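Enquirer: Spelled out from the first residue to the last, the chains are:
There are 4 protein chains.
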Amino acid sequence: METHRIRPEHNLVPVNNKFLKKIFRIIYYSDTPGGKIFDIILLILIVISTMVIMLETVPAIDILYHRVFFYTEAAITTIFTIEYLLRILSVKNKEDYILSPLGLLDVLSLVPFYLGMVYPDLHYFMIFRMLRLLRIFRIFNLADYMNDGHYIVSALKESSRKIYVFLLFMIIFITIIGAAMHVVEGGSEGFTSIPQSIYWAVVTITTVGYGDATPSTAIGKFLSILVMLAGYSIIAVPTGIVTARFREQARSCKACPRCQTDNDLDAVYCKKCGEKFVS
Amino acid sequence: METHRIRPEHNLVPVNNKFLKKIFRIIYYSDTPGGKIFDIILLILIVISTMVIMLETVPAIDILYHRVFFYTEAAITTIFTIEYLLRILSVKNKEDYILSPLGLLDVLSLVPFYLGMVYPDLHYFMIFRMLRLLRIFRIFNLADYMNDGHYIVSALKESSRKIYVFLLFMIIFITIIGAAMHVVEGGSEGFTSIPQSIYWAVVTITTVGYGDATPSTAIGKFLSILVMLAGYSIIAVPTGIVTARFREQARSCKACPRCQTDNDLDAVYCKKCGEKFVS
Amino acid sequence: METHRIRPEHNLVPVNNKFLKKIFRIIYYSDTPGGKIFDIILLILIVISTMVIMLETVPAIDILYHRVFFYTEAAITTIFTIEYLLRILSVKNKEDYILSPLGLLDVLSLVPFYLGMVYPDLHYFMIFRMLRLLRIFRIFNLADYMNDGHYIVSALKESSRKIYVFLLFMIIFITIIGAAMHVVEGGSEGFTSIPQSIYWAVVTITTVGYGDATPSTAIGKFLSILVMLAGYSIIAVPTGIVTARFREQARSCKACPRCQTDNDLDAVYCKKCGEKFVS
Amino acid sequence: METHRIRPEHNLVPVNNKFLKKIFRIIYYSDTPGGKIFDIILLILIVISTMVIMLETVPAIDILYHRVFFYTEAAITTIFTIEYLLRILSVKNKEDYILSPLGLLDVLSLVPFYLGMVYPDLHYFMIFRMLRLLRIFRIFNLADYMNDGHYIVSALKESSRKIYVFLLFMIIFITIIGAAMHVVEGGSEGFTSIPQSIYWAVVTITTVGYGDATPSTAIGKFLSILVMLAGYSIIAVPTGIVTARFREQARSCKACPRCQTDNDLDAVYCKKCGEKFVS
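As they're listed, the protein sequences go chains Y, H, G and F.
Under our numbering, the first residue of the first sequence is numbered 30, with each subsequent residue one higher.
Under our numbering, the first residue of the second sequence is numbered 30, with each subsequent residue one higher.
Under our numbering, the first residue of the third sequence is numbered 30, with each subsequent residue one higher.
Under our numbering, the first residue of the fourth sequence is numbered 30, with each subsequent residue one higher.
Just so you know, these hints were derived from the structure itself, not from any lab.
As the structure is a prediction and not an experimental result, all values here were calculated from the model.
Just so it is clear, CB atoms sit at the ideal spot from N, CA and C, and this is done for glycine as well.
Be aware that a few hints might be false.
Stated by the list, open to error - Heads up, incomplete: computed chain G residues facing chain H, CB under 8 Å, no partners named: (1) Thr79; (2) Val81; (3) Met83.
Working from the sequences, and respecting the hints, build out all of it.
Expert: Given below as structure tokens:
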């Protein structure tokens with residue numbers, strides 16, 4: 030069930046044509062030699078493509094290799110387009126694929142190139158092509174890796190309510206501090222408005238500290254000290270929340286054979302249904 | 030008992046008038062459709078009001094919408110004033126409301142606007158209006174959220190003694206380091222006085238590192254390295270204190286009445302002796 | 030035993046004189062009304078004295094109150110001198126007091142003032158007077174607070190071996206990175222020598238990031254990214270070490286009535302001597 | 030078995046010559062007085078050598094002591110060369126030593142000096158000599174320390190899969206943020222290309238915050254705030270992963286042979302059933 034959410038292709042079925050069935054297996058699965066090679070080539074193309082998009086923005090490099098870059102992009106996009114068409118052709122329940130998260134990602138990685146030829150600014154959206162790297166989880170039959178990703182996400186999700194409460198307090202605190210600093214440091218460069226001061230407050234409380242805005246008055250410096258110490262102290266709070274959640278997840282690791290509830294390793298009776306464990 | 034501290038309105042009783050009783054239910058509770066709508070409108074008004082206060086301080090925007098901003102503020106403040114009067118009118122034990130934390134917050138969100146018309150500087154205090162967002166906990170019947178907020182606060186409070194000890198050591202350490210750096214880096218810009226050097230020490234030890242004051246002598250740089258490593262290391266201490274507290278709170282939650290074993294809060298049967306819990 | 034180390038005054042005995050016995054009780058203990066008042070006055074004097082030392086270094090303030098500051102310092106030092114003499118006079122085993130940590134601290138807070146009159150530079154050492162604040166633990170009968178301080182220190186001490194290993198790896202890593210950056214960024218301002226580059230490496234790895242030295246070459250920036258990610262990742266290591274220690278300390282909290290070994294809360298038999306616990 | 034991996038010299042055997050056998054014992058072991066003295070001298074030479082390499086790069090110092098530095102380096106390298114030859118001579122299975130990690134390290138600490146005389150730039154590689162400090166673990170019979178190093182490494186290794194997943198997400202996130210900031214802040218100094226913006230993203234997300242590149246547009250600042258808050262929040266994730274691993278390692282250490290309860294490593298009796306452990 031959970032795997033379905035992560036591997037949406039699992040509910041996809043091939044069309045009833047021998048050749049396309051083979052294609053389907055190669056493209057959607059990685060349990061055949063052909064499928065593995067296909068996936069690895071895809072992976073390499075994504076990495077190359079991302080590199081090219083990045084290097085194109087460096088003027089000194091772009092001047093030398095502009096043409097190489099363009100043709101590489103064109104070639105990779107063509108391959109991706111063919112791949113996309115094959116994916117659609119070889120699947121029976123086409124809508125299920127097209128509207129699946131990975132399916133939408135596949136289009137998203139194509140469109141910007143074609144649009145970029147008309148509106149150059151949209152060209153940058155090609156970077157979203159990188160999200161296809163998430164397919165990496167499917168290659169190398171990494172079911173375990175997927176569980177780990179799931180593990181991290183679920184640990185964050187289950188403690189999300191505590192994190193919301195924490196964020197609300199943070200937002201209120203940061204806004205009030207921002208307003209206070211705007212009043213105190215009104216004249217200084219980085220505190221000309223409340224949003225500007227809020228930017229400073231975030232820079233400070235997250236301990237990033239660019240230094241593009243720093244307090245110049247004595248009161249401002251004193252307030253800053255309090256904000257920094259606050260930031261330094263509350264860094265513990267999200268850590269504590271997430272860590273506690275990790276701990277809990279790691280702890281309850283024995284499933285009751287009757288009701289499937291997670292029990293502590295040292296439990297003798299299931300805490301939910303009272304079933305006695307056979308050790 | 031604890032809920033009383035968080036929801037002070039719970040001990041409030043409506044006046045003996047049919048219409049005001051209805052108002053009371055809408056304003057103070059969110060369990061009726063009217064009460065929910067009222068709360069959501071309040072929430073939206075608070076957010077709009079905060080936005081306006083913030084944007085007013087951005088000259089480029091204020092110039093264009095100064096009038097819109099002023100009238101929005103005036104309108105919202107008027108609504109809040111009417112709301113406040115209705116709150117007072119509809120409650121029987123008026124003093125209990127007026128002197129409750131949320132009651133005082135309600136006045137605090139009104140007064141700065143009126144005072145700001147006489148003393149423009151006090152206008153900024155309107156930002157405290159934002160604290161009314163804490164009412165968010167009451168809307169969407171978020172009893173659970175409240176517990177989480179309570180959970181975080183109590184985790185901080187119960188380990189507060191350890192945090193005091195930690196802070197005392199920090200203050201002594203920072204002051205002595207500040208004095209030392211003032212002596213060593215006397216001539217440099219950011220170390221002209223001990224308070225200035227203390228500001229630098231806090232910026233450094235919290236790993237914020239603005240860079241508005243940096244050591245220039247070799248000895249100063251060496252001392253800085255020690256301070257940075259100290260800051261980097263002791264970041265673990267508050268984390269450890271708070272995390273340990275979270276862990277304890279999460280762990281020892283329900284003792285089995287028969288065998289005294291600590292069980293998870295959601296346990297139905299004792300994990301050791303199989304005793305069924307009476308809930 | 031442990032308390033002796035923290036409260037060295039406990040092994041001190043008063044001299045055999047009725048008046049000095051009273052003085053002894055007031056100075057060394059805080060369980061009488063007189064002792065409490067004495068301690069609080071001491072506390073206030075230390076804070077005032079520290080403030081004065083700090084403010085003296087701010088030229089704008091010193092110019093106005095130079096005289097006030099000097100006389101305050103002189104007065105407080107005189108009081109501390111009298112206190113010190115009374116401490117020596119009223120105690121029988123004088124050496125035990127004079128050579129105790131707190132005893133040495135008491136002299137250290139006096140000497141710099143007198144030396145400062147001859148060698149003005151030594152005047153700054155008066156800041157060590159602040160260490161007398163550690164006496165704060167004795168006031169308000171804060172036996173618990175002392176335990177907490179002890180708790181933090183012992184948690185750090187018991188995991189110190191792991192921290193040494195960690196530090197050795199850090200030092201090797203930072204030095205090699207420093208040398209590499211010196212080679213790569215040789216020309217840039219902040220990397221003129223290896224020690225300079227090591228300073229940069231510490232600033233970076235501890236996530237302080239002043240910005241007084243930043244890489245300018247592409248390779249330098251790439252190396253920096255690796256260093257930053259390393260610093261960001263290994264911040265978890267000391268946290269993990271200390272947190273694990275806290276956890277262990279918090280966990281073993283039931284002493285065996287026979288052998289005094291700390292046992293887990295859920296233990297039924299003592300893990301050392303096998304004694305069955307009566308619950 | 031595990032010690033073999035850390036102490037590769039254990040599988041080395043001396044040659045069949047009385048004098049070289051003695052040399053072998055002194056060089057490879059530290060359980061004799063001679064061996065201990067040898068190890069300590071080695072340690073001191075490594076530290077001196079590292080210091081010299083570092084100070085040579087400081088022009089002000091190098092000008093004064095250039096000759097002293099060169100002769101010190103030459104002398105120490107000569108000693109290391111003789112030591113290396115003796116190591117080879119005294120060991121029977123010479124290949125096992127030469128190709129062992131520590132053996133390769135020993136050559137690596139010699140070669141740069143000789144190469145540096147021909148190609149001065151390679152001289153800097155002498156800093157790798159510092160890695161010989163890892164031999165410190167062998168001196169002072171620090172078997173325990175080795176375990177601690179092993180403990181940290183294994184904690185990192187066993188949670189490495191989670192860390193890989195985490196890093197993949199980070200890389201994707203940082204690249205997309207970098208591209209977005211390049212589009213938004215195109216004109217600004219620190220965002221001239223995507224790699225440049227990625228450098229900024231890493232500086233920001235790791236909370237280093239040099240300030241050599243800072244957003245100047247309103248949208249850029251807003252995006253930065255999100256990135257900073259993300260960095261501040263996810264700092265908890267690696268901490269959580271590693272901490273959870275530490276905890277697990279520390280906790281489930283010895284299962285009772287009778288009742289399978291997890292007991293502490295130092296338990297003599299099972300805490301649940303009282304079974305005595307055979308050690």
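Enquirer: Does each hint fit the structure? Answer for all of them.
Expert: Do the hints match the structure? See the list:
The restraint placing Thr79 (chain G) at the interface with chain H holds, with a minimum CB-CB distance near 7 Å, inside the 8 Å limit. Restraint check, Val81 (chain G) versus chain H: the minimum CB separation of about 11 Å is more than 8 Å; hint violated. A least Cβ separation of about 4 Å between Met83 (chain G) and chain H falls short of the 8 Å threshold, and the interface hint therefore holds.
Going through the hint list in order, the structure does not satisfy hint 2, though it satisfies all others.
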